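Colleague: Those sequence lines, one after another, are chains F and R.
Residues in the first sequence are numbered consecutively from 0, following numbering that gives the first Met the number 0.
Residues in the second sequence are numbered consecutively from 0, following numbering that gives the first Met the number 0.
Hints are supplied without guarantee of correctness; some may be wrong.
Partial chain R-side listing against chain F, Cβ under 8 Å, derived [to be verified]:
hint: 1; residue: Leu63
hint: 2; residue: Phe83
hint: 3; residue: Gly89
hint: 4; residue: Glu92
hint: 5; residue: Trp93
Because the hints were derived from the structure by calculation, they are not lab data.
These numbers come from a predicted model, not from an experiment.
Just so you know, even glycine gets a beta-carbon here, dropped at the ideal spot from N, CA and C.
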Amino acid sequence: MVGKHLAKVSGAVASALLFLGVWTLFAMLFNSFIFPSPLEVAKTLTELFATGEIFPHIFATLNRAIIGFFLGLAVGSTFGYLTGMSRIFSLIVKPILELLRPIPPIAWIPLAILWFGIGDASAFFMIFIASFFPVYTSVYFGVTSLPVVLERVAKNYSLTVVQKFIHIIFPFSLPYLIAGSKTAIGIAWMCVIVAEIIASSQGLGYFIEVSRFSLEPTRVISAMLIIGVIGLVLHNLIELVEKKATSWRSVVYGE
Amino acid sequence: MGNDLCLELKNVSYEYSSLENGSKKRQRVLNNVSLKLNKGEIISICGTNGSGKSTLLNIVAGFLYPQSGEVIRVMVENEIFAVFVFQDLGLLEWKNSHDNVALGLLVRKISDEDKEKIIDKQLSLLGVKSFANKIPKELSGGQKQRVAIARALAANPKVLLLDEPFSALDWRVRETLVADLRKVLKNAGISAIFVTHNPDDAITFSDKVLVLKNKIIKELTVSKLDYKSRKPLDKNFSRTKNALINAIV
């Protein structure tokens with residue numbers, strides 16, 4: 000166990016050193032204005048946190064991403080369960096959703112600006128769209144993957160639709176719901192940045208755009224690093240929920 | 000005897016249809032099958048693979064509907080008539096043994112206190128009370144079978160339907176489980192239909208063995224065989240087993 004932990008930490012340290020080494024090499028090859036070194040970026044990052052300048056942007060982005068994600072999660076899972084459990088609902092709704100699903104969330108930006116203007120509402124809408132489809136698809140797939148034997152168990156014990164949902168369908172589909180959420184949070188996090196670059200006046204995306212205009216690549220890279228770290232933390236948080244909530248599964252989790 | 004009847008199948012026929020080269024192909028697996036099951040009676044249905052044993056059980060459970068014939072279930076309203084113990088058990092992997100058994104009680108309109116008593120009783124009867132808090136992945140094959148049977152019995156069915164539930168177990172576990180289950184069923188007066196292709200299990204477990212062959216059913220009575228002498232080394236047991244094998248093949 001200790002050996003495994005040590006290997007994991009050593010791997011992470013080696014990976015970080017490799018990343019910083021390659022970055023430094025590129026910074027030496029190019030003009031530092033185009034490609035700032037890790038040291039310069041670290042200095043800017045320290046300043047951003049020390050002055051507190053970055054915090055309103057981080058909170059604005061997180062706020063949009065989390066609210067939009069939970070909206071997408073709630074509506075996406077509801078549609079997933081309804082289409083998976085009701086043939087009539089599926090016949091009516093699924094063709095429309097299948098038509099809309101391949102449209103990249105970013106393609107909705109012009110319409111979002113037209114409908115909601117520049118600001119929070121557009122960003123929420125974008126993140127909602129980005130989260131909705133991965134969650135909807137995963138939940139639908141989970142519900143329709145229910146083994147025949149479990150369908151028969153519900154019939155065997157004369158369970159009502161609600162009892163069947165609570166005791167069988169929801170727990171069975173939970174791993175699918177969480178897998179969909181993991182994909183959704185990743186896409187939502189990407190979309191919130193894009194939405195902020197195009198249609199916002201606060202947030203990490205907006206910060207990147209403003210820094211680009213003022214020709215400050217160290218600030219651009221600093222914001223990018225913050226985005227990467229928060230994205231990783233969000234992903235790991237969902238993985239933690241997954242491990243706790245689906246510990247009954249006989250699977251080996253990837254390290 | 001008539002008052003004791005709990006299930007009757009009259010001239011039941013069933014055929015599966017499939018598409019082959021664009022045309023619908025029908026395959027008959029049961030042809031005018033009739034059988035009677037009395038209260039507390041245990042019958043086994045034997046036959047080769049594809050002989051229609053599981054189809055027959057699915058018809059009794061109400062999962063399949065026969066194209067012709069009649070299925071008479073003698074029951075009162077709001078009663079669970081038959082409960083199936085599936086070959087792959089169908090235990091809910093996310094629930095512990097206690098909660099899996101509780102699933103069998105969801106539909107019963109009894110107090111929570113009574114439900115707890117029933118769960119406790121069934122887990123004890125099947126010898127898995129000490130595993131009440133374990134989830135299926137923490138149980139052995141035999142323990143899982145016992146939990147699945149406890150769940151089925153908790154629903155208080157008139158008939159227990161068993162589709163080769165012991166097939167994955169080694170002979171020692173199987174022998175104990177078959178004996179324990181027979182005792183539990185006889186004490187509770189629950190009827191059972193047991194589908195198997197293991198002649199030893201069929202003879203040990205049941206009062207009557209039915210053989211499904213060429214889409215029809217033949218009866219082989221084993222109830223005359225003293226239960227205590229139902230041991231593989233017993234002469235009468237061997238004779239009955241040979242007769243059964245001859246009937247199957």
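Colleague: Determine for every hint whether it applies to the structure shown.
Modeller: Hint check:
no.	hint	in the structure
1	Leu63	11 Å, violated
2	Phe83	5 Å, holds
3	Gly89	4 Å, holds
4	Glu92	5 Å, holds
5	Trp93	4 Å, holds
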